[in-house]
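Peer 1: Sequence:
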Amino acid sequence: MTNASAHWHTDAACRTTDAEELFAEAAEQRRAKALCTWCPARTECLADALDSRIEFGVWGGMTERERRALLRRRPDVASWREVLEEARREHEQDARELTPPAP
24 MTNASAHWHT
34 DAACRTTDAE
44 ELFAEAAEQR
54 RAKALCTWCP
64 ARTECLADAL
74 DSRIEFGVWG
84 GMTERERRAL
94 LRRRPDVASW
104 REVLEEARRE
114 HEQDARELTP
124 PAP
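In this text, residue positions in the sequence shown follow the numbering used here: the first is 24, and each later residue adds one.
Hints may contain errors.
Said to hold, decoys possible - With a straight-line Cα cutoff of 16 Å, these simulated EDC-like cross-link-like pairs (lysine to aspartate or glutamate) come out: (1) K56 to E44; (2) K56 to D99; (3) K56 to E89; (4) K56 to D74.
These are computed hints drawn from the structure, not numbers from a lab.
All chains should be modelled from the sequences, with the hints used to inform the complete structure.
Peer 2: Structural data, given as structure tokens:
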């Protein structure tokens, strides 16, 4: 884990949000998830929640139900941080390949 990813919470979009909003239920979870949409720490937050098996709240744009389903589908994953960081690198590489060169 890099030093930056160890302190992801300092860059999180929710750092100044009332924690109650992140532990909402039902329809209110959509609002909490929306806060994560453009968060620069989303990947690190989700990885931390998955690796730590955090049971409650919205973390990295996923509800507890969504995280449980993901963990059940992928019980073989030893480090979600590695999986998500690799997925992000691949996504960024794909985006660079699709970006037309500057004129």
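Peer 1: Now, for every hint given, state plainly whether the structure supports it.
Peer 2: We went through each hint and held it up to the structure:
no.: 1; hint: K56 to E44; in the structure: holds, 10 Å
no.: 2; hint: K56 to D99; in the structure: violated, 26 Å
no.: 3; hint: K56 to E89; in the structure: holds, 11 Å
no.: 4; hint: K56 to D74; in the structure: violated, 19 Å
In the structure shown, a violation is registered for the earlier hints numbered 2 and 4, in ascending order.
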